[in-house]
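Here the protein sequences come in this chain order: A and B. The opening position of the first sequence corresponds to residue 0 in numbering that gives the first Met the number 0, with each subsequent residue numbered one higher. The opening position of the second sequence corresponds to residue 0 in numbering that gives the first Met the number 0, with each subsequent residue numbered one higher.
A hint or two may mislead.
Pairs involving identical chains hold if they fit within one copy or between any two copies, as the list cannot separate such chains.
[Stated by the list, open to error] Quick list of in silico lysine-lysine cross-link-like pairs, DSSO-like style, CA-CA up to 30 Å:
no., residue 1, residue 2
1, Lys348, Lys69
2, Lys186, Lys154
3, Lys186, Lys27
4, Lys193, Lys154
5, Lys317, Lys27
6, Lys137, Lys154
7, Lys17, Lys360
In case anyone wonders, no lab produced these hints; they're calculated from the structure.
Listed here are the chains, written in short residue letters.
Number of protein chains: 2
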Amino acid sequence: MKQNQDFILAAVIMAGGKGTRFWPKSRKDLPKQLLSIGTKKPLIVETVERLEPLIPRERIFISTSEDLAKRIQKLLPGISRSNYILEPVGRDTAPCVGLATAVLSRKIGSGPKRKVMAVLPADHCIGQPARFRKTLLKAANIAARHEVFVTIGIKPSGPSTAYGYIQPGEKLSGERGAFELKRFREKPGGHLAKRLLKQGCLWNAGMFIFQPEVGLVAFDKYLPKMAAGLRRIEAAADTRTQKRLIQKLFPEFEKVSLDYGIMEKTDNMAVISGEFGWCDVGGWDALYRLLGGDGERNVSRGSFIQVDSRGVYSDASKLVAAVGVEDLVIVESEDAILVLRMDQESEVKTLINLLERRGLKKFL
Amino acid sequence: MKQNQDFILAAVIMAGGKGTRFWPKSRKDLPKQLLSIGTKKPLIVETVERLEPLIPRERIFISTSEDLAKRIQKLLPGISRSNYILEPVGRDTAPCVGLATAVLSRKIGSGPKRKVMAVLPADHCIGQPARFRKTLLKAANIAARHEVFVTIGIKPSGPSTAYGYIQPGEKLSGERGAFELKRFREKPGGHLAKRLLKQGCLWNAGMFIFQPEVGLVAFDKYLPKMAAGLRRIEAAADTRTQKRLIQKLFPEFEKVSLDYGIMEKTDNMAVISGEFGWCDVGGWDALYRLLGGDGERNVSRGSFIQVDSRGVYSDASKLVAAVGVEDLVIVESEDAILVLRMDQESEVKTLINLLERRGLKKFL
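Please model the entire structure based on the sequences and the hints provided.
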């Protein structure tokens, strides 16, 4: 697949997430994006490999924490260390995307061509990568021609309550299949989800494609204090000063999400719909269903044997034997065994907090 | 504690059991008696140590299979190899006790003193060993004075349906606190158990104390074919011939239990009651209750952490984390993890059969 010659496309993969929902497999220093969750390779590796036919690896950037960078570098030997955008501390997604935008602004080429960057999550599954690239290229073309944030909304396969929704509005003038964005909707309840589906809403996959300058202008407008810092970082491009500035300024940035801080405020949004076998697996229960579990069948990764058991998801290196049980997640990691009632996956966070409070740090 | 000078007391510990109920901790070559089930040391080690103040180790014998003998020898360095009575194949308890009786008949001393042997299970817990020894000595005294099988019936702590019962009859003449045995009762249902309790029945702990010759005479009478072989083995005492004879004759002995083959038929039975914190833990559920589990509390061996979970028994070297679950047994062994609904412990046998059918021999 050839890039359109009218612009230069880069990607920033957002790989700073901590990921507690797949405990005990996921850990502080081994979050979801580093695991193979329903995939053959670690999610971040699949994310990079999926982009490479479209974007040369010189323009694939990784945004992550200093703590995680080393582990990710091992998984991605093809990505240069200078392509890492390192957060000295964890803030939220607005500072994270802001920093990436400021850094990329001067980094993805000079000259008359428009520069477009795609901000993409590191931990999503995509079943049909070629269709994904086609959609991404379409989004990039729109972003090159318009001064907007383009987001790819996922065509829902059902009224999921696990995802946020995007409501498309008027057609974007001059573009086929592109719409202005009417409204973001938080994860809905079951009834609302059905209504949103009928209204043609799409799932919010957190993918944003835009020209760096369009991004920075939005920061100037909606988060001016942060933007002042971002502009200083931008100006110091490719020097040691930039590193020092990031260390100094980033920790002071406001903790605010990109959606709340920018995307829900700007009118400058466009949406195109995508259909490429996307999913963002939220936890063990979701993974069980993704792998074909339906509450009756048992699904296992590793050896599993059962007597009179239903709806069990197991993932272990040892043999898992289930006797007379139902609706359980059984996961073994190197040092822990989780036994979780299937519909309680949100309580895994409570467990993590408990481990923290008890000082059981080695399990975090 | 000194032995009564009127007789010589020996013990045979029945340690041939296969024990599948504590899978995955118990295995074919690691049955219950070799494990620490609710005890600090392996059950067989506690059994031997409990006897030593009363019976010198030269007269403590171990009856087991050739397969298990080596592992047991490692656990019991103080017991001489010549004190092992090895079954070439597994039969049932009548051949097993018959063989031990035939071997011990000439082995526990000659001279005018009466010889008494105590046949004792290897895998029971006894909380008050000194009281146990006192009761055993009392039983041995009676066995030395009367030509009977003396059994120690356990004073029930409640109407358990997990044990068989013994119904005492008339007083044994000339002895205090000893009775003729009226009837053996199989494991009863709940209603019957309560009635048996009211009738003063005792739990059958499978402990039998008798003179070897009394034992062999009973075999002569009730299992004459087996007895013919046993008498040949007895006569060949302490020679290589005996070993060869055991190899040749034992595999042909009838598969029949001691209770069914002898004890339920002979009138020659006496019973004394014992109260020394006895239990025979039948499986994970029983162990959970023994360790204080009541269906609400969680009981764990090893590290355990829980969110909103009740009635969990866990035994693992890894951290076990339970979230939103109830009434589960979670046990980790070196190569397997069992997750069992608490009231389904009898299904562990089904699981073992399944492992066998699937050819998963390394887990047996």
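Going down the list of hints, with the structure as the test:
| no. | hint | result |
| --- | --- | --- |
| 1 | Lys348 to Lys69 | within (26 Å within a copy, 48 Å between copies) |
| 2 | Lys186 to Lys154 | within (15 Å within a copy, 63 Å between copies) |
| 3 | Lys186 to Lys27 | within (25 Å within a copy, 53 Å between copies) |
| 4 | Lys193 to Lys154 | within (13 Å within a copy, 65 Å between copies) |
| 5 | Lys317 to Lys27 | both (24 Å within a copy, 19 Å between copies) |
| 6 | Lys137 to Lys154 | within (16 Å within a copy, 83 Å between copies) |
| 7 | Lys17 to Lys360 | within (15 Å within a copy, 41 Å between copies) |
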